[in-house]
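Asks: Residue numbers (the working numbering), protein chains in the order written: chain A, 1 to 703; chain B, 1001 to 1703.
A portion of the hints provided could be inaccurate.
With the C-beta cut set under 7 Å, the calculated list includes, among others, these residues of chain A facing chain B [unchecked claim]:
#1 Gly172
#2 Tyr179
#3 Gln180
#4 Glu183
#5 Asn449
#6 Arg451
#7 Glu639
#8 Leu647
#9 Arg650
#10 Tyr695
#11 Asp702
In short, the hints are calculated from the structure, not lab data. Where a beta carbon is used, it is the ideal one built from N, C-alpha and C, also for glycine.
For reference, the chains in residue letters:
There are 2 protein chains.
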Amino acid sequence: MKCFLLVLACALAAPLAVRGEDGYRLWLRYEPVASPDLRRHYVEGLTRIVLATPTGAESPVLAAARMELREGLDRMLGANPTVRVEARAEVDPAAGSDGYQVTVTKGEGGPVVTIAAARDIGVLYGAFALLRHLQMNLPLSGLATVSAPRISQRIMNHWDNLNRFVERGYAGFSLWDWYQLPEVRDRRYRDYARALASLGLNGTVLNNVNANALILTPDYLKKVAALADEFRPYGIRVYLSARFSAPIEIGGLKTADPQDPAVIAWWRAKVEEIYTLIPDFGGFLVKANSEGQPGPHEYGRTHADGANLFADALAPHGGLVLWRAFVYAADNSLDRVRQAYRQFTALDGQFRDNVLLQIKNGPLDFMPREPFHPLFGAMPRTRLAIELQITQEYLGGATHLAYLAPMWKEVLDSDTFAKGPNSTVARVVDGRLRPPGPSVISGVANTGNERNWTGHPLAAANWYAFGRLAWDHQLTSQQIAEEWARMTFGANPRVSVPITRMLLGSREIVVNYSMPLGLHHIMAEGHHFGPGPWVVAGRPDWSSNYYHQADERGLGAARGPAGSNALADYAPELAARWGNPATCPDELLLWFHHLPWDHRMRSGRILWDELAVRYQQGVEGVRGLQQDWDALLGLVDDERFQRVKSLLRRQESDARDWRDACLLYFQQYSHRPLPEGVESPAHDLATYQARKLRYAPGHPGDY
Amino acid sequence: MKCFLLVLACALAAPLAVRGEDGYRLWLRYEPVASPDLRRHYVEGLTRIVLATPTGAESPVLAAARMELREGLDRMLGANPTVRVEARAEVDPAAGSDGYQVTVTKGEGGPVVTIAAARDIGVLYGAFALLRHLQMNLPLSGLATVSAPRISQRIMNHWDNLNRFVERGYAGFSLWDWYQLPEVRDRRYRDYARALASLGLNGTVLNNVNANALILTPDYLKKVAALADEFRPYGIRVYLSARFSAPIEIGGLKTADPQDPAVIAWWRAKVEEIYTLIPDFGGFLVKANSEGQPGPHEYGRTHADGANLFADALAPHGGLVLWRAFVYAADNSLDRVRQAYRQFTALDGQFRDNVLLQIKNGPLDFMPREPFHPLFGAMPRTRLAIELQITQEYLGGATHLAYLAPMWKEVLDSDTFAKGPNSTVARVVDGRLRPPGPSVISGVANTGNERNWTGHPLAAANWYAFGRLAWDHQLTSQQIAEEWARMTFGANPRVSVPITRMLLGSREIVVNYSMPLGLHHIMAEGHHFGPGPWVVAGRPDWSSNYYHQADERGLGAARGPAGSNALADYAPELAARWGNPATCPDELLLWFHHLPWDHRMRSGRILWDELAVRYQQGVEGVRGLQQDWDALLGLVDDERFQRVKSLLRRQESDARDWRDACLLYFQQYSHRPLPEGVESPAHDLATYQARKLRYAPGHPGDY
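Chain A on its own, in the form it takes in the complex:
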């Protein structure tokens, strides 16, 4: 009781919730600039702001830019500079159609900051860039810049169902209140659009790829149109996931055959209907013939036939088809990681110009680490989009800290060698290495209706990082982390430096305590929280031993010529490097190789010992995060401090479970003791295996 009193006294000594930082404002907090000198520097340098576009005409987008500047500068500086719109023909060509140029010139009454762009939306992006510059507490001397997005369509993918359940969503219900729409427009809709625009994101797919055809009925389209109206001033175009069998389910047709004239006519009419309501509709995202979703194969047609059906209907309106490459089948004896490659390479060149093949970063499924998807190097005549997962389906949901920018950078910077060295995935995606036309990057959202949008207070860094990388994939993980930390926790380096460090190390920590050395898909069944190397599912490709292949001889997936030969799907340079355990990086070793338990690693340790040490390092990594965070006591507001502290406590416990369960399981095969320094398991293997997590967040099976 004494302890309890003490805890309570501490809790009560801090300000009540009304004064806490609830996270709702994300990185757009616009806190007053603390340093009087810096504030004066800003106030003096920002007396006049010009928003320059070719026409100089007012618009909702420019109104949004003006409002954001007014609000932000008022809050940060207590200043109200004049902000006026001007017509100006010339903009630096490097700004392109969507970018912006910020210049600082000397006017008669003092400096003039001009945000110029070819389109109004560029001005809005420039306004957010200016505000970010101030939030970072950077000197105005660095303000002048030219910036343009490298990828034309930068899109959120929401796996939100119509009942507001979010598949793999860990931050509450869907943001979209379909029942009250279209009449009631939650304030969040606009703040969501502001958050997207502040990063330069310009599209959003509202509904789950496991799609419900009802979204395409007139009543729902009115609701979609209401959201589109809310988003439009922020340059956000709305997309929908389309269910392939919608012509049957809501159209009254007997077939969804992409070559049936009635089906073709139905989709044309449906698309017309959509564009009447939403003139800037973005297009369709389609998951077909994958995990039970209907598709063209039912009618003996190919993925290209299916995609082109939608493409032809959308083309007159400028809409895009994002056709997902995430396909695999239980009855296919080919290694799961090879199946999409096999199917889609055969279709290269057969897709319409307004189709993009949307490919996950890796060939499996958003594991904590995968090599890049070989399709990125193998479809020169197809526009390829990348799909990243912001929500942490396999990295601890909204409970674990895992900053994903390093993971995404790892893939974007990967060299496919498709057109010689420096044929990076990023250059394939941004369009420099394939046919001209739109380019797309998609991110599966981690948002929900929790007060702070993302559940874990530090998970908003992933939303931020996705948006920033979508704009410019050459930014470093460190730059992005530092921006976010400063904007979210204030520019005090005593806070932002350790938080940046925590973020940067966090993903590798998760890899180590869950799936080190290239292990993959050994998580618990269904909900994907926690360890499950023992999982035997109803089909082999959902069973863990399909992937870890542990046996008395060793561990790891044999994907060389003696195994599934998945290495053959990569360029010869990579196949050679990864195909040899001596040159394959440790991080991918067990992805490509089944190796003996006593295989000698670079560290000098044998595989079993190295595996155990990595698991231990993962646990210790979380403890390091805890130490870093605890040192921020008093420097971070109490509400966020306590929440992250408790989340890290849970993460440490979960990390120990991962380590103990996996090592106990694999020890059955290795028959070796844990090396020195690796803590003994808390329970026996049966205890971990008996655990059944019910009603896990974000898992469709529990709803």
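Use these hints to put chain B onto chain A, whose structure you have.
Replies: For chain B alone, coordinates are given in the frame of chain A:
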């Protein structure tokens, strides 16, 4: 586009979300007192505050009171009076064990305000009363008071599932994040407890009455204990809904027979386990043999046998059993509204002392209007608890404005005549008319994880009203509405007076556009949103015509001697008054009588015309609410103003649908034209009947 630009310009002219009132603070906003004179009056009168208890010992509860006072007075007044704890033996006996006495005395250095109570929790209640007094901007001359709750256990009932879906919940996911508990304790938990304590509520049932046995497993009990720890400083005891068959489902037994020794032992051990974790655990709420829930009937036992099983296990620890009287069966030919009466009156006197029979306000199911439940007048030897529904299952969810205090007062003030005149339901419930011991009032929560807790910004008034009436059922609906309006929107009477008026009229408006003149259970199937007089369900007692009995001759449920004779379940005085259409109030007419379409009403109109006029009045009532609200433009912050405005727009549209659909349906039988002044329907009947609302919020069938 012009119109769109205008709308946007208006929206952007208002402050951004960061400055809006998001509703999170509920009625505990503690806004600065606007009038300098009044503020000075408060500051001068509140320099010293004494918290007086018999021991004068510090405690978590007193720390909470002190913190709340410090925070509230600082925010409202910018003042920091001394707050000290003193030992004082004497408290006004009228304060009882849970109440408080506030006195103002002259000390040497100025006035001293003393909050004295027999228990620490009374001091906390007194502190909230003091803060409410200030929020209401009332003069300190009225501060001295003695107050005590009339009902000993004032309990929230959450119909929250373990997957965070809230049955009949319209404000997002459950507040309880079971996955992250017990480690992560959301800030909301404490703010929830603060809200409850501010009203004097002292208990909460965390999970749905359609219970999942898993809540009783060790892992979940640890999570429950974590919530109990968060709530304890605010005097909130935790209760759980217990699933009758838990001994089978999680206990490994073959039976749940309440007289089986193994079952008895299992529950005793389970209760021991709970009290070890939660020493102040409140007890169990049980829904048994009702709507598919398991119960004692499976074993040939009675409800009393079932309740007493739990009671005996809980008694040594001081726990209570809340046994729900909401039972009815499809295969029972007795009128549904008579079935619980028949079953439970036969058991009067058979329940243990720590059992309370928890009875809904009316005999059917939370309709917009019902007569009181006849059980309240018929079980003199049983402790009876009342269950009210704060969430608006049949009154428009979180989309319609319906202030429910008048509905609850109507029932609480109803005279059962059980022990002569003035045997009101309230007096039965508060214990004055039945065996001594604990008394209970329960309210089915309307909370969720939406930012403002209750979805509709005005729906928090129902949470507030439930709590205030639970403390003192003699408060008027008007008093409570005025308190809430002032605390929630500020003390400016230009705002609080019209909002109070809107609240007070709103429930009757909903009655009129949905189920006027005593009509009931004619809503759409399953989700209960909107009209469904035509519904024919799989069982008669879920079909609308079971209740409205419309035919060529007339309309209404025949419940006199020639009908189901439900009137016989009431006292002779009531049976006589309600049994005669000439003396039965219009509001209950069709509840008790099947009357010809040309029956002459008090208004002079025939029944058909009166029915139509009432529906029209309902629609016009919503339009009146819209006008009242629109007049508050500029007086209410933009965020709440816009949201309520759009909600009222939707409500008006929904009200028209109710009117048009019901009148078209009943017109098939009345064969009469709509009277003058009643607007023509927008569509034909088939259109309304064809509407299928999918994925409605809060409806279990859609998850």
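Asks: Is the shortest C-beta separation between Arg650 of chain A and chain B less than 7 Å?
Replies: Hint holds; Arg650 of chain A Cβ to chain B Cβ min 4 Å, cut 7 Å.
Asks: Holds or violated: the hint that Leu647 of chain A contacts chain B, with Cβ atoms closer than 7 Å.
Replies: The hint holds - Leu647 of chain A has a Cβ within 7 Å of chain B, the shortest such distance being about 6 Å.
Asks: Identify whether the interface hint at Tyr695 of chain A stands, where standing means a beta carbon of chain B within less than 7 Å of its own.
Replies: Check passed: Cβ of Tyr695 of chain A comes within 4 Å of chain B, closer than 7 Å.
Asks: Can you verify the interface hint for Glu183 of chain A: is its Cβ closer than 7 Å to any Cβ in chain B?
Replies: At 4 Å from the nearest chain B Cβ, Glu183 of chain A passes the 7 Å test, so the hint holds.
Asks: Can Gly172 of chain A be said to touch chain B, with a Cβ gap under 7 Å?
Replies: This interface hint holds because 5 Å falls under the 7 Å limit.
Asks: Should the interface hint for Tyr179 of chain A be scored as holding, given a Cβ-Cβ cut-off of 7 Å against chain B?
Replies: Result: holds, 5 Å to nearest chain B Cβ.
Asks: Hint Glu639 of chain A vs chain B: min CB-CB distance below 7 Å?
Replies: 6 Å, holds
Asks: Hey, does the Gln180 of chain A contact hint survive, CB to chain B under 7 Å?
Replies: 6 Å, holds
Asks: Closer than 7 Å between Cβ atoms is the bar; does Asp702 of chain A clear it against chain B? Give me holds or violated.
Replies: 5 Å, holds
Asks: So, as I understand it, the hint says Arg451 of chain A touches chain B; can you test that by seeing if any CB pair is closer than 7 Å?
Replies: 6 Å, holds
Asks: With 7 Å as the cut and Cβ atoms as the points, is Asn449 of chain A at the interface with chain B?
Replies: With a minimum Cβ separation of about 5 Å from chain B (threshold 7 Å), the hint on Asn449 of chain A holds.
Checked against the numbered hints above, the structure breaks none of them.
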